[in-house]
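Spelled out from the first residue to the last, the chains are:
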Amino acid sequence: MTTTERVKPRMPDEVGVPDPFSYMHPVMKKNYGNWDWHDRPRPGVLHHVSKSGDEIWTVRAGTQRQMDVFTIRKLCDIGDEYADGHVRFTTRSNIEFMVADEAKVAPLVEALTGAGFPVGGTGASVTMISHTQGWLHCDIPGTDASGVVKGLMDLLHEEFIQEKMPNRVRITTSCCQINCGGQGDIAVNVQYTKPPKINHDLVANVCERPAVVARCPVAAIRPAMVNGKPSLEIDEKKCVCCGACYPPCPPMQINSDESTKIAIWVGGKHSNARSKPTFHKLAVANLPNNAPHWPEVVEVVKTIVQAYKKDAKHWERMGEWIERIGWNRFFEMTGLAFTKHHIDTWTGARKTMNTSAHVHF
Amino acid sequence: MKDSDAKQTVDGKDVHPTPQLDQLEDGPWPSFVTGLKKLRDEGSDNNRKIMNDLLGQLNHSYEKRLGFWKGGTVSVFGYGGGIIPRFSEVADRFPESREFHTLRVMPPAGNHYDTDILRKFCDIWEEHGSGLIAFHGQSGDIMFQGCSTENTQKAFDALNKIGFDLGGAGPALRTAMSCVGHARCEQSCYDEVRAHRTIINKLLDEMHRPALPYKFKFKFSGCANDCVNAVHRADFAVIGTWRDEIKINQEKVKEHVAEKGRKYTIDTVVNMCPTRAISLNDDDTLEIDNPSCVRCMHCINVMTKALSPGDDRGVSIMIGGKRSLKIGDLMGIMVVPFMKLESDEDFEKLEEFAENVVEFFADNALEHERVGETIDRIGLPAFLDALDIDVDPNMVNHPRTSSYVRTDDFDTEAAKWFERKAREAGLQIGAD
Ligand code: HEM
Ligand code: SF4
Ligand code: SF4
Ligand code: SF4
Ligand code: SF4
Chain A
1 MTTTERVKPR MPDEVGVPDP FSYMHPVMKK NYGNWDWHDR PRPGVLHHVS
51 KSGDEIWTVR AGTQRQMDVF TIRKLCDIGD EYADGHVRFT TRSNIEFMVA
101 DEAKVAPLVE ALTGAGFPVG GTGASVTMIS HTQGWLHCDI PGTDASGVVK
151 GLMDLLHEEF IQEKMPNRVR ITTSCCQINC GGQGDIAVNV QYTKPPKINH
201 DLVANVCERP AVVARCPVAA IRPAMVNGKP SLEIDEKKCV CCGACYPPCP
251 PMQINSDEST KIAIWVGGKH SNARSKPTFH KLAVANLPNN APHWPEVVEV
301 VKTIVQAYKK DAKHWERMGE WIERIGWNRF FEMTGLAFTK HHIDTWTGAR
351 KTMNTSAHVH F
Chain B
1 MKDSDAKQTV DGKDVHPTPQ LDQLEDGPWP SFVTGLKKLR DEGSDNNRKI
51 MNDLLGQLNH SYEKRLGFWK GGTVSVFGYG GGIIPRFSEV ADRFPESREF
101 HTLRVMPPAG NHYDTDILRK FCDIWEEHGS GLIAFHGQSG DIMFQGCSTE
151 NTQKAFDALN KIGFDLGGAG PALRTAMSCV GHARCEQSCY DEVRAHRTII
201 NKLLDEMHRP ALPYKFKFKF SGCANDCVNA VHRADFAVIG TWRDEIKINQ
251 EKVKEHVAEK GRKYTIDTVV NMCPTRAISL NDDDTLEIDN PSCVRCMHCI
301 NVMTKALSPG DDRGVSIMIG GKRSLKIGDL MGIMVVPFMK LESDEDFEKL
351 EEFAENVVEF FADNALEHER VGETIDRIGL PAFLDALDID VDPNMVNHPR
401 TSSYVRTDDF DTEAAKWFER KAREAGLQIG AD
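Residue numbers (the numbering used here), protein chains in the order written: chain A, 1 to 361; chain B, 1 to 432.
Check before you lean on any hint, since a few could be wrong.
Said to hold, decoys possible - With a straight-line Cα cutoff of 30 Å, these simulated DSBU-like cross-link-like pairs (lysine-lysine) come out: (1) Lys-120/B <-> Lys-313/A; (2) Lys-30/A <-> Lys-120/B; (3) Lys-340/B <-> Lys-263/B.
Claimed, not checked - One side of the interface only, derived from the structure: several residues of chain B facing chain A at Cβ under 7 Å: (4) Gly-72; (5) Thr-73; (6) Val-74; (7) Asp-114; (8) Phe-347; (9) Arg-420.
Rather than coming from a laboratory, the hints here were simulated on the basis of the structure. From a predicted model like this one, the values you see are computed outputs, not experimental measurements. Think of the CB as a built atom: it goes at the ideal place given N, C-alpha and C, for glycine as much as any other residue.
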């Protein structure tokens, strides 16, 4: 670049969080903070009524989250032709179209379904899986994210477009133990099964050794000299295979096609409705990371969803159902094994033990 | 599209075969693979090139069961964060997606868009990026994925000119999320948009120039249904609630019972109240013992027409939620059981409190420690002292069970409690 070409860089306009009112549906804007009640005329459709008497219908549809510009424009075309040109996205990447006229609902549903976007995800359904980045974009993933989710949603599609579950089912997936996908009624997460293999040639160049040593939750990493060069060593008996050392030090190779497995967790809940929010608990570990269809994972998820659907009471979430029936019946109904690894050994573990004479048979 | 009928070349270069990914195109759920291929085959010049190699690399990941991205440093002029840099480790085989950075861009509060702005995003990303956008990442950002280092500034300038700004990454204030709330939900107990924009826009410097010990997240839910998962995932969770009585429309209760049946109403409403605060009267009206109600939202969720939150509304604030790293999962702790949030002064108070908590975090957290971990390390009372917050029984499930505590100033502390109670009682009389 010559001096004459060098232009002064543009200073950012620090606008912060954009004001949503210029994008919001006019009926929502007009009735902001003044809504009265809602119902669901059919799966995938919400109907909200304002104290002013105004009404709005919302049609919710599933997307692939990772969207190409053609898909986004197709959704915009549908929004312009069949809806009022205003949309929003839910925290689980479903798109919502708002219309002020009930007559627009049926053609909109038809247009979306016809274009391949399933309408549903409301009420007691299995809605879209909240997921992470995986092989497409993260630098530490043990598996893919969008691919697992595509496989699972193909299987659970019927439960998305109807509301036949006891209560809503929130599934999440995460491609490492950092668990960006978050807590879920069912969580499908990578679980490493072997300590990292250290690439000693690289440690000296790229690794800030004190930072990695400090990162380990069980103090299993020590500085060491290997082949005359500063490196690290791991106390493999202590290591819990969490992978936390990998982000600050990529030579701590935690991912491998053999030791990267999948674990399934159940009973996490965000909402405060009825019971307090809960974390998800281990159901099964060591399932193979079997791309591109993850059939073993899909099979277990299907089994758990079916058992819950069959046995839970209306409004009971997964975790509340299990609490009522007891964990022994959960393992019985799902055909999964209860092992010593289900017994917590981390800080606070004692609070997870049964210290009463209450026993389920 | 299957490989058999796909193009064999993109701009004279061979199309990478993607046998693994091809298997993710069947089935009823929309396929991201089909979208990536469409960008490869029909996208802009820029998109076609990037996507052919990106698909090649992704298929390679599926075969090797390993990821091939590494981080680095990329930023835009004036900011220290907001871009997630990605460099390929297999660029010798897939050179065109060698640099595949993500711009984290903050959505409008509540994730509202119109088709016009979405089309503008598409045009910008077609020109400067890969054509792939995620609505949204779990971080709450719009993820503009797949940008070269060179184009990062151009893409940001274009997005910034239409009113959008970068979100957080690294040890910084992160992009916040708020539920749809006031815009469409009758259960919402405060103006989420205003709270969200007031706090984040005040603290933008902490987002754009990362200098905190670690990440700090705000999330805003209009009620205890917590649609944005604030309790689990936010360092600072703002959750709507009310202090007076649940509003009951007894006619609608009767209609509900008539429609759904008495047994069903007892099973799903009366029996499921966590504090046994509800009973169904013989004439099919409801009675609620409001002092026992914990504002869990369940009965209101079931009887959307008959029940609604009371009129004396505000927020609860919970501090310290996070996921596993490093000491294990934590949920937010109830630190402010109720704060009125209606008037300008109320919002100023909330803003000031948020600033104080972030300042406390900046000054007291160890490197790479979340505020929930700081609280665990120093104890909740020390945190409350530092922020000048009065203790409240709502902060605990129950009082301590361990007798190992020094209590020689117990009487002084008790006097403070009685003084406060007397003052509150006086205020209530005054207000009447
Ligand atoms: C480098 C690629 C990474 C990407 C793209 C990424 C992205 C994300 C996203 C989208 C979330 C969800 C945030 C939310 O729910 O609010 C998240 C959460 C999280 N990230 Fe990252 N992350 C990355 C690396 C890391 C690293 C290196 C660490 C730590 C060493 C880390 C620690 C966490 C933790 C602990 C969470 C859990 C959620 C929470 O506490 O709120 N991430 N990350
Ligand atoms: S769960 Fe782990 S691998 Fe997946 S996106 Fe989050 S940090 Fe990356
Ligand atoms: S994997 Fe986790 S426990 Fe094992 S050495 Fe690394 S940080 Fe420590
Ligand atoms: S959190 Fe409450 S107010 Fe907000 S959208 Fe959900 S139900 Fe409505
Ligand atoms: S809101 Fe929850 S605690 Fe209160 S009465 Fe209703 S069900 Fe009971």
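Verification of the hints:
{"no.": "1", "hint": "Lys-120/B <-> Lys-313/A", "in the structure": "violated (47 Å)"}
{"no.": "2", "hint": "Lys-30/A <-> Lys-120/B", "in the structure": "holds (26 Å)"}
{"no.": "3", "hint": "Lys-340/B <-> Lys-263/B", "in the structure": "violated (38 Å)"}
{"no.": "4", "hint": "Gly-72", "in the structure": "violated (9 Å)"}
{"no.": "5", "hint": "Thr-73", "in the structure": "violated (13 Å)"}
{"no.": "6", "hint": "Val-74", "in the structure": "violated (13 Å)"}
{"no.": "7", "hint": "Asp-114", "in the structure": "holds (5 Å)"}
{"no.": "8", "hint": "Phe-347", "in the structure": "violated (14 Å)"}
{"no.": "9", "hint": "Arg-420", "in the structure": "violated (27 Å)"}
The structure shown violates the earlier hints numbered 1, 3, 4, 5, 6, 8 and 9.
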